[in-house]
Amino acid sequence: AQSVAQPEDQVNVAEGNPLTVKCTYSVSGNPYLFWYVQYPNRGLQFLLKYITGDNLVKGSYGFEAEFNKSQTSFHLKKPSALVSDSALYFCAVRDRFSGGYNKLIFGAGTRLAVHP
Amino acid sequence: GAVVSQHPSRVICKSGTSVKIECRSLDFQATTMFWYRQFPKKSLMLMATSNEGSKATYEQGVEKDKFLINHASLTLSTLTVTSAHPEDSSFYICSASPRGSGNYNEQFFGPGTRLTVL
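So the sequence lines, in the order shown, correspond to chains A and B. To get our numbering, take the position in the first sequence, counting from 1, and add 242. To get our numbering, take the position in the second sequence, counting from 1, and add 2.
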């Protein structure tokens with residue numbers, strides 16, 4: 243079965259420190275992977291995606307993610323966290339069996355708290 | 003570009019009434035729109051996939067007669083919660099995939115609608 247796991251419910255980071263939000267996936271074949279961020283009472287905003295090519299993907303707001311096929315991971319990173327990065331982060335993988343519908347399978351989400 | 007709007011952003015209704023939520027792609031055509039439900043501090047639960055001009059495809063366990071979806075045009079999909087009950091209170095989010103975008107483009111999400119049923 244296809245799935246996405248975000249093993250941490252919450253990540254706490256001090257402002258200015260690097261942050262990592264973990265994501266692992268389980269799909270057959272080559273995965274299409276995405277990261278989204280959600281601020282309180284808002285919809286999801288796209289951060290970045292991996293489809294093919296360079297394993298290090300750069301996205302919005304200084305975030306990046308590294309695709310690691312051997313570890314089936316797609317961890318989200320940022321070199322220096324900001325208090326404004328505090329939000330709920332979702333990792334997602336395209337459902338390979340959704341035909342042309344481009345359905346996504348979401349992880350449970352990780353709440354990032356950046357402290358001043 | 004790629005903006006999706008939802009209306010209303012917040013709605014409070016009495017039990018037994020029906021509520022319609024609109025999802026619009028403002029600057030692109032969306033062959034497919036998705037409707038999600040999100041419980042507090044939880045992930046998104048896909049309710050249904052809505053395709054322009056055809057019937058929606060509902061996920062297992064989602065009552066199609068309870069949650070009516072209409073995708074009348076390439077820029078508009080509506081979700082109607084019929085005979086709403088307090089347990090239907092939730093945050094409903096739609097998303098859209100641009101027409102002809104293939105299978106690897108991101109979905110663009112609306113800002114969500116907070117439904118409270120009294």
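Be a bit skeptical, because a hint or two may be false.
[To be verified] Computed list of lysine to any residue pairs in SDA-like fashion (alpha-carbon distance at most 25 angstroms, straight line): (1) K44(B) with G295(A); (2) K43(B) with A350(A); (3) K319(A) with F339(A); (4) K319(A) with H9(B); (5) K66(B) with D29(B).
[Said to hold, decoys possible] Examples of chain B residues lying across from chain A (beta carbon under 8 angstroms, computed): (6) T34; (7) P42; (8) K68; (9) E108; (10) Q109; (11) V119; (12) L120.
[Unchecked claim] Per the computed footprint, the stretches of chain B lying under chain A, defined by three or more beta-carbons under 8 angstroms from a beta-carbon of chain A, are: (13) 16-23; (14) 77-87.
The set of hints was computed from the structure by calculation and includes no laboratory data. Just so you know, even glycine gets a beta-carbon here, dropped at the ideal spot from N, CA and C.
request  = Mind listing which of the numbered hints don't hold for this structure, in increasing order?
outcome  = 1, 3, 4, 5, 7, 8, 11, 12, 13, 14
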